[in-house]
Structures are given as C-alpha cells and as structure tokens.
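Visitor: Sequence:
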Amino acid sequence: MLRRTIQVKVRPSAEQLQLLGTWLDRCRALYNACLEQRISVYRQSKTWPTKPGRLTSLYGQSAQLPALKEDNPEFKDVNAQVLQDVVHRVDKAFQAFFKRNRTVKTGGFPRFKSAQRFSSFTHPQGSKFKFENNSFYLPSFGWLKFWNPGEGSRPFSTCKVKTVTIKRLADGWWASFSVEVIEPRAVLAPAGKAVGIDLGLTNFVTCSDGTVYGDLKPIKREERKIRLCQRSLSRKVKGSNRWRKQKVLLGKRHLRLDRMRRQQFHFVSRKIVNENDLIAVEDLDVAGMVSQPAKPGSVVNQRGLRRNIGLAAWAQFVWMLDYKAEEAGRRVMKVDPRGTSQECSSCGRVVKKDLRVRLHDCPHCGLRIDRDLNAARNILARGLKQTGGIPPSLIPKGTCSP
1 MLRRTIQVKV
11 RPSAEQLQLL
21 GTWLDRCRAL
31 YNACLEQRIS
41 VYRQSKTWPT
51 KPGRLTSLYG
61 QSAQLPALKE
71 DNPEFKDVNA
81 QVLQDVVHRV
91 DKAFQAFFKR
101 NRTVKTGGFP
111 RFKSAQRFSS
121 FTHPQGSKFK
131 FENNSFYLPS
141 FGWLKFWNPG
151 EGSRPFSTCK
161 VKTVTIKRLA
171 DGWWASFSVE
181 VIEPRAVLAP
191 AGKAVGIDLG
201 LTNFVTCSDG
211 TVYGDLKPIK
221 REERKIRLCQ
231 RSLSRKVKGS
241 NRWRKQKVLL
251 GKRHLRLDRM
261 RRQQFHFVSR
271 KIVNENDLIA
281 VEDLDVAGMV
291 SQPAKPGSVV
301 NQRGLRRNIG
311 LAAWAQFVWM
321 LDYKAEEAGR
331 RVMKVDPRGT
341 SQECSSCGRV
351 VKKDLRVRLH
361 DCPHCGLRID
371 RDLNAARNIL
381 ARGLKQTGGI
391 PPSLIPKGTC
401 SP
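Quick note: the sequence shown, position 40, residue 40 per our numbering, numbers continuous.
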C-alpha cells in the first residue's frame with residue numbers, strides 16, 4: 001500500500017486561530033512535563049526507567065493523562081488522542097537518543113521546547129476525520145476550512161487518511177494528512193528508454209543523452225537573502241517589536257527557498273520518470289560530503305562549496321524520483337559513484353582531473369565532452385550492468401553499452 005502526504009493550508013477563523021494556539025501551548029506544556037518527569041526519576045535512581053510497566057515509560061506516562069486532566073482542567077479541551085501522541089513524541093526522542101549513543105556516542109539529549117521550537121501537534125486517528133467542501137472535521141475541535149490544494153493534488157476520495165499534523169509556519173497554519181492510496185495513479189506505458197543522471201551544482205541534472213535540467217542560481221540568490229536577513233536579525237534587540245518582525249520575515253524567506261527548490265525537484269523528477277523506463281543515479285553520501293573534514297589543500301576547502309552541496313539537496317531529489325518511479329512502474333537503480341567523472345565513457349580508461357576542470361578530454365581515444373555528461377554516461381552503463389538482461393532498445397543513442 002502506497003503511503004503519501006497531502007498538505008493543505010488551513011483557513012481558521014479568528015476564534016479558531018486562538019484555539020489552535022491554545023492547543024499548541026497545552027501540547028508543549030505536556031511535552032516539557034513528561035521530559036521533566038523522566039529526568040527527575042533518573043536523578044533519583046540513576047537509571048532510565050523506560051521499560052514497559054515503569055512510571056515514566058511510554059505506557060506509564062500515557063496512563064497518567066486522565067489524572068493530569070483532573071488536576072489541570074485546561075487540558076480537558078484538548079483531544080485525548082492528541083495528548084497521547086505528545087507522549088509518543090517524547091518517547092521517540094528518547095529512543096532516538098539511545099540509538100545514536102549506541103553508535104556515535106554524540107547524540108544530543110532531548111531538550112525542553114520553547115514556543116519557537118514546538119510548532120505542531122498530531123491527531124493519529126484518521127478514521128474519525130470527515131471531509132466536505134474544502135473543510136475537514138477535527139475531533140474535539142470542529143470544522144476547519146482549507147484552501148484548494150490545486151489540480152495536481154491527489155483527491156481525498158482516492159485515499160484513506162491515517163493521521164493529520166497541524167503545523168504553524170511563518171505564513172500561517174498548515175495541515176499535513178498522511179494517507180494510504182486506495183486508487184493509485186495508472187502505471188505509465190513503456191517508454192523504451194533508459195537514462196543515467198549526474199547531479200551537479202552548475203547544472204542540477206545532466207542526463208546521459210545530453211539534456212540538462214534545473215538551475216541553482218535562483219536558489220543561491222534566495223539563500224543569500226536569507227543570510228542578509230539573519231545578519232539583520234542578529235543586530236536587533238531580542239524580544240523587541242523590530243526583532244519579532246524580522247524573525248517572521250526570516251521564516252518566510254526559509255519557506256520561499258524550500259518551496260522554490262521543491263517545485264523545481266517535482267518538475268524535473270516528473271519529466272524524467274515520464275520519459276524513461278530505467279533511471280540510474282549515483283548512491284551519494286550527501287551528509288558525509290557536507291560534514292566530513294576536508295584534506296589540506298583540497299578543493300573541498302574552497303569557500304561555499306559545502307554550502308552549495310547542502311542547498312542542492314540531492315538526497316531529497318533522489319527520494320522524489322524514487323517514489324514517483326515506484327508509482328509509475330519505472331525503475332530507479334543506484335550505482336557506485338566512485339570514479340564516474342574520472343573514467344572515460346568511450347574507452348573506459350581513467351583520466352585524472354581536478355574538480356575545477358569541467359571538460360573531459362581523453363588523450364587515449366580523443367573523446368572531448370563535458371565532464372558531467374561523461375559521468376552520466378558512466379552512471380547509465382553501471383546501472384545497465386547491474387540490472388542485466390536489459391533489451392538494447394532501452395539504451396539511448398550515443399551512449400556506451402556496458
């Protein structure tokens with residue numbers, strides 16, 4: 001069963017706007033109280049009592065919610081399932097903390113949440129939701145209107161809603177529905193083509209047939225505006241009116257950057273999936289490329305390169321490509337990225353070149369093409385070699401076969 005997310009912008013009334021803020025504050029208070037209880041018990045026993053049956057385990061803290069409502073009547077207005085999900089969120093934070101410390105020993109301890117760090121709550125029982133005329137019914141809250149998500153969005157009638165997360169962003173309130181797709185989109189007809197794609201910073205995507213997609217220049221310009229906005233915020237008195245206005249502006253800048261990038265990713269990934277049966281991509285460790293220490297004198301040390309790799313968000317694009325291909329009946333093959341730019345796509349010999357060199361000029365066979373195009377052809381060849389038994393008709397013209 002396919003699992004997808006449908007996001008819509010909520011249109012609350014003035015009364016509902018205040019109620020949403022109240023629910024969010026109550027959930028944040030409960031989160032901090034659960035965290036404080038776990039820390040207090042640890043200070044007394046010097047062990048983390050998180051096993052089932054303990055007072056501060058997941059089920060132990062969930063069982064204390066009725067007594068909490070009796071002692072604090074303001075929590076009675078919040079849906080019980082929403083409060084239970086907050087306890088689950090605390091438990092997930094601790095489980096993730098323990099998991100990180102078993103491996104890298106540097107995992108951050110769960111922290112108390114300020115109003116700026118706690119911006120959402122979740123209702124986990126989708127069977128109780130109702131939809132009618134661009135409105136949905138949230139149990140214990142009422143009917144909430146939302147803006148039309150657009151023609152390309154998946155209708156709720158073809159899905160089974162599992163959970164909804166109400167989140168406050170810089171430009172208003174949003175609802176994210178996690179759904180199971182009952183009626184998936186039709187599988188695309190075979191296109192008879194295969195493609196290898198190289199992800200870069202000059203051209204975002206270079207295909208093995210020579211086509212290029214995407215441009216990072218608008219994203220880089222928006223990122224520079226964010227840095228200038230952040231600099232302006234740091235010069236204002238924290239808590240003042242001008243500081244608050246600048247902070248809202250900074251949040252909107254971040255949203256704009258994220259949406260510009262996602263819009264480009266959706267367009268490029270959809271076009272590639274529609275036109276190709278087999279898509280070969282590099283299995284890149286983007287987090288390692290950004291965080292690992294660079295060697296002295298390496299080109300990785302040059303200013304802005306790591307920041308640009310983070311802006312490109314290659315992993316997010318590959319994720320989009322993967323789930324679109326799965327639903328369309330296409331295949332995404334991840335290959336070893338080592339040496340794709342150094343190896344000649346024509347003769348197979350290694351031609352060493354620095355990252356600054358953007359042209360592949362093979363002294364052995366005379367091939368002279370863009371290094372990203374050369375890498376894309378090698379990626380396709382490796383992808384076809386991994387699959388085995390791919391018909392020759394799937395190999396685009398001008399691309400070397402394995």
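Simulated from the structure, these hints should not be mistaken for lab results. Each residue gets a CB set at the ideal place from its N, CA and C atoms; glycine is no exception. Do not rely on the hints blindly, as some may be mistaken.
Taking lysine-lysine and the BS3-like style, the derived pairs with C-alpha atoms no more than 27 Å apart in a straight line are [as the list claims (entries may be wrong)]:
(1) 76 - 193
(2) 69 - 128
(3) 99 - 113
(4) 271 - 167
(5) 162 - 92
(6) 145 - 252
(7) 193 - 9
(8) 130 - 145
(9) 167 - 225
(10) 217 - 324
(11) 385 - 167
(12) 130 - 160
(13) 334 - 9
(14) 76 - 92
(15) 252 - 220
(16) 334 - 385
(17) 324 - 247
(18) 252 - 225
(19) 247 - 236
(20) 167 - 145
(21) 193 - 225
(22) 92 - 145
(23) 324 - 271
(24) 167 - 130
(25) 9 - 128
(26) 99 - 128
(27) 385 - 193
(28) 245 - 220
(29) 353 - 334
(30) 217 - 160
(31) 76 - 145
(32) 160 - 9
(33) 225 - 238
(34) 113 - 130
(35) 220 - 113
(36) 324 - 334
Between beta-carbon pairs, the in silico distance windows are [stated by the list, open to error]:
(37) 386 - 346: 12 to 22 Å
(38) 385 - 289: 44 to 54 Å
(39) 249 - 40: 37 to 47 Å
(40) 135 - 357: 24 to 34 Å
Visitor: So, for every hint listed, does it hold in this structure?
Guide: Right, here's what the structure says about each hint:
With a C-alpha separation of about 59 Å, the suggested pair residue 76 and residue 193 falls outside the 27 Å cut-off, and the hint is violated. Of the supplied pair hints, the one linking residue 69 and residue 128 holds, its CA atoms being roughly 22 Å apart against a limit of 27 Å. Simply put, residue 99 and residue 113 have alpha-carbon atoms about 21 Å apart, close enough for the 27 Å limit, and the pair holds. For the given pair, residue 271 sits about 31 Å from residue 167 by alpha-carbon distance, which is inconsistent with the 27 Å threshold.
Distance hint between residue 162 and residue 92 is fulfilled; the C-alpha atoms sit about 19 Å from each other, no more than 27 Å. Of the supplied pair hints, the one linking residue 145 and residue 252 holds, its CA atoms being roughly 22 Å apart against a limit of 27 Å. Between residue 193 and residue 9, the direct Cα distance comes to roughly 38 Å. Violation of the 27 Å bound is thereby established for this hinted pair. For a cut-off of 27 Å, the pair hint linking residue 130 to residue 145 stands: about 12 Å separates their Cα positions.
Annotation: proposed proximity of residue 167 to residue 225 holds, straight-line Cα distance about 25 Å (limit 27 Å). The hinted pair formed by residue 217 and residue 324 meets the criterion: a straight-line CA distance of about 26 Å does not exceed 27 Å. Distance check on the hinted pair: residue 385 and residue 167 sit about 45 Å apart at the alpha-carbon level, beyond 27 Å; violated. A threshold of 27 Å between alpha carbons decides the hint, and for residue 130 with residue 160 the separation of about 11 Å falls inside it, so the pair holds.
Between residue 334 and residue 9 the alpha-carbon distance is near 35 Å, which puts this suggested pair outside the 27 Å criterion. Distance restraint check for residue 76 and residue 92: the Cα-Cα separation of roughly 24 Å lies within the 27 Å cut-off, and the hinted pair is therefore satisfied. For the proposed pair residue 252 and residue 220, the alpha carbon gap of about 16 Å is at most 27 Å, so the pair holds. Distance hint between residue 334 and residue 385 is fulfilled; the C-alpha atoms sit about 12 Å from each other, no more than 27 Å.
As the CA atoms of residue 324 and residue 247 are separated by approximately 35 Å, the hinted pair breaks the 27 Å bound. About 11 Å separates the Cα atoms of residue 252 and residue 225, which keeps this hinted pair within 27 Å; it holds. Restraint check: the Cα-Cα separation between residue 247 and residue 236 comes to about 10 Å, which is no more than 27 Å; the hinted pair holds. A hinted pair counts as satisfied when its Cα atoms are at most 27 Å apart, and residue 167 with residue 145 qualifies at roughly 15 Å.
Using a Cα cut-off of 27 Å, the hinted pair residue 193 and residue 225 is violated, with the two alpha carbons roughly 41 Å apart. Taken as a hint, the residue 92 and residue 145 pair is broken in the structure, with Cα atoms around 31 Å apart against an allowance of 27 Å. Taking the CA atoms of residue 324 and residue 271, the gap is near 10 Å; set against the 27 Å cutoff, the hint holds. Between residue 167 and residue 130 the alpha-carbon distance is near 19 Å, which keeps this suggested pair within the 27 Å criterion.
Proximity of residue 9 to residue 128 is assessed by CA-CA distance (about 20 Å); at most 27 Å being required, the pair is judged to hold. At most 27 Å may separate the alpha-carbon atoms for a hinted pair to count; residue 99 and residue 128 exceed this at roughly 34 Å. Distance check on the hinted pair: residue 385 and residue 193 sit about 15 Å apart at the alpha-carbon level, within 27 Å; holds. A distance of roughly 24 Å separates the Cα atoms of residue 245 and residue 220; the hinted pair therefore holds under the 27 Å criterion.
Proposed proximity of residue 353 and residue 334 is supported: the alpha carbons are some 24 Å apart, at most 27 Å. For the hint linking residue 217 to residue 160, the alpha-carbon distance of about 39 Å lies beyond 27 Å, and the restraint is violated. Between residue 76 and residue 145, the direct Cα distance comes to roughly 24 Å. Compliance with the 27 Å bound is thereby established for this hinted pair. Restraint check for residue 160 and residue 9: the C-alpha separation of about 19 Å stays at or below 27 Å, so the hint holds.
Taken as a hint, the residue 225 and residue 238 pair is honoured in the structure, with Cα atoms around 21 Å apart against an allowance of 27 Å. Among the hinted pairs, residue 113 with residue 130 is inconsistent with the structure: their alpha-carbon atoms are about 31 Å apart, more than 27 Å. In summary, the hint linking residue 220 to residue 113 is not supported, as the alpha carbons are separated by about 31 Å, beyond the 27 Å threshold. The straight-line distance between the Cα atoms of residue 324 and residue 334 is roughly 15 Å, inside the 27 Å bound, and the hint therefore holds.
Residue 386 and residue 346 have their C-beta atoms about 21 Å apart, which keeps the hinted 12 to 22 Å range intact. Restraint check, residue 385 to residue 289: a C-beta distance of roughly 25 Å breaks the suggested window 44 to 54 Å. Restraint check, residue 249 to residue 40: a C-beta distance of roughly 40 Å satisfies the suggested window 37 to 47 Å. At about 58 Å, the beta-carbon gap between residue 135 and residue 357 misses the expected band of 24 to 34 Å.
Of the numbered hints given earlier, the model fails hints 1, 4, 7, 11, 13, 17, 21, 22, 26, 30, 34, 35, 38, 40; all others are met.
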